[in-house]
Amino acid sequence: MQNIVVTGGSGAIGSTFVSELARRYPQARVHSLSRGAVAAASPNVRCLQVDFETEDSLQAAAEQVAQAGAVDLVVVAGGILHQHDIMPEKSLREVSAEKFLTLFTANTIAPALIAKHFLPLQPRDRRAVFAALSARVGSISDNHLGGWYAYRASKAALNMVIRNAAIETRRRNAEAIVVGMHPGTVNSNLSRPFQRNLAAGQLFSPEVSVARMLDVIDRLEPEDSGHCIAWDGTRIAP
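To convert, note that position 84 of the sequence shown is 78 in our numbering; the numbers rise steadily by one, no gaps.
Rather than coming from a laboratory, the hints here were simulated on the basis of the structure. Hints should not be assumed to be uniformly reliable.
Pair by pair, the computed Cβ-Cβ distance ranges are [claimed, not checked]:
| id | residue 1 | residue 2 | range |
| --- | --- | --- | --- |
| 1 | A54 | G140 | 16 to 22 Å |
| 2 | S36 | S90 | 38 to 44 Å |
| 3 | E215 | R18 | 29 to 35 Å |
| 4 | A31 | Q196 | 18 to 24 Å |
| 5 | S90 | P117 | 17 to 23 Å |
| 6 | T228 | A54 | 18 to 24 Å |
| 7 | R87 | R166 | 44 to 50 Å |
| 8 | N183 | T48 | 19 to 25 Å |
| 9 | D212 | A64 | 15 to 21 Å |
| 10 | R166 | E201 | 19 to 25 Å |
Each residue gets a CB set at the ideal place from its N, CA and C atoms; glycine is no exception.
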């Protein structure tokens, strides 16, 4: 790979993707896109400050990335589970428009806009991967616990965006792969309030999760496009 993009490059998972991709592909240019200013992790990393909810900002970033050539890999690593006074709902009594708007904006709309501006930068004549971090709790058929209305719904909607984008992308490049990636439960600010009842071995460091996901990305085939894939390579039911 020669040209790589990671959005959400300042988060626990995103920053680990940036550093690991820079290490694995020292000949590549790794573009780290984040809301805040971030220092480059290595000489082949280029940091760009982007507002992911503003199309002009995304378009400007895409134009800068395009100067380095076709994009071989895009990793969308941003997202929100809780924020300030917003926490996952335990029942319908806790549902609010504010929670839904906040989580859908970060978890569904932003990745869709990133796909809009960065999928066209990928090559049309060879393998390319667009991978957006999703979650197992976005699976409708696998939902046996309930709760977490806004987060589950935003990730289920993201999975539909991924499916649609995979179908459209396949028409111009049969080797293109568009997938959701489930990272497992990662030791980060996102999961920290919910780690207490995890069984031993269910909490991953960002380094372990990212290494496993990159190994899975390396093995993806065109028939995987449109699906949500877990860190261990298994497909998650819609």
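> For this structure, which hints from the list above don't hold up?
Replying inline: 1, 3, 4, 5, 6 and 10
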